[in-house]
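Colleague: Construct the complete structure from the given sequences, taking the supplied hints into account.
2 protein chains.
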Amino acid sequence: MSDEVEREDAAPAVPPSHRDLLERPLYACLATVREDGAPLANPMWFLWEPGSGVLLFTHTTTRHNYRNVRREPRVAVLISDPEEPLRYLQVHGRVEAITPDPTGAFHEQLQLRYHGRVGEVGEREARVVITVRPTRIVTGQGIRERRHARRAAAARTGTVAPAGGTV
Amino acid sequence: MSDEVEREDAAPAVPPSHRDLLERPLYACLATVREDGAPLANPMWFLWEPGSGVLLFTHTTTRHNYRNVRREPRVAVLISDPEEPLRYLQVHGRVEAITPDPTGAFHEQLQLRYHGRVGEVGEREARVVITVRPTRIVTGQGIRERRHARRAAAARTGTVAPAGGTV
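Those protein sequences? They're chains A and B, same order as listed. To get the working numbering, take the position in the first sequence, counting from 1, and add 87. To get the working numbering, take the position in the second sequence, counting from 1, and add 87.
Just so you know, the hints here were simulated from the structure itself, not pulled from any lab data. Even glycine gets a Cβ: it sits at the ideal position worked out from N, Cα and C. Careful: at least some of the hints might be erroneous.
Below, a sample of chain B positions facing chain A; criterion: calculated Cβ distance under 10 Å [stated by the list, open to error]: (1) C116; (2) A163; (3) V164; (4) L173; (5) H179; (6) G227; (7) I230.
Modeller: Take a look at the structure:
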């Protein structure tokens, strides 16, 4: 995993180089584990709270991922730069709260973030906010960053460093 | 899951409406399960073989996902339309083969698919091809398809159907 940078501590920091991936209205790929032990992956809206460091998701009590995280609170969240998908943020975390959102206020906040306007709230009565506390953050470097790092390493050591990473 | 269509059979079909997501050089989010039972999610290159119906990934024997799928062959693959991320294909599958790729030939094939040219093969000596056999395919409908379906349902029943789906 030569192009990944791992951090593991009580409150893992978001590297400034990848902070935009949390700020922009991108879709996250949320991975959970099903009751039968197989993984599940879904595209999700999210909101990052820089103060508390948590990720918030809107969800409903009728869906697979709700049942999954009630049983197995550990999740993985992948947020890739659409312009350069190997520049990504991989957040390992734990669901620390599931809060009812019966007015749909949080869903409306995410509608604004993602669509710039507020419309209908689907399944309002079943709406919840899922709070994920990051436990570990891994960043993937984009092609340009990789080239730059390889050149720098080659200049330091006089050798050609191999490419690596996810693909 | 009102906006999802589930299919479960021996060889799940790819709906023509979502076939382009397998044909285009998009990045897949591959979810696996770690030894400790937590999920993992990574962006991945892939190749779909329409004849056999399998998904092929290039990977190496030195990475987390390799160890994960050797122990737990069930995976989930999410491929979203970058222009409309809620239009997605969620493939549940099983790793049915891991084949060495010591010449890097398959990696080069994917370089061509994704970058239009062939360059260095990273970690060539550790390269493998991971073959995933889909066991179930779920599609997510984009906003336009959802609106259309809601209008059609409303016209049929004389009522307004609620929005739904992943977000």
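Colleague: Each hint needs a verdict: does it hold in this structure or not?
Modeller: Against the structure, the hints:
Given hint, C116/B at the interface with chain A, holds; its Cβ is 4 Å from that chain's nearest Cβ, closer than 10 Å. Taking 10 Å as the C-beta contact cut-off toward chain A, the hint placing A163/B at the interface holds, the least distance being around 4 Å. Taking 10 Å as the C-beta contact cut-off toward chain A, the hint placing V164/B at the interface holds, the least distance being around 7 Å. Contact between L173/B and chain A, as hinted, is supported at the beta carbon level, the nearest pair being about 6 Å apart and thus within 10 Å.
Proximity of H179/B to chain A holds as hinted, the smallest CB-CB distance being about 7 Å (cut-off 10 Å). Residue-level restraint check for G227/B holds (minimum Cβ-Cβ distance to chain A is 7 Å; threshold 10 Å). For I230/B, the shortest C-beta to C-beta distance to chain A is roughly 9 Å, which falls under 10 Å, so the interface hint holds.
In this structure, every one of the numbered hints holds.
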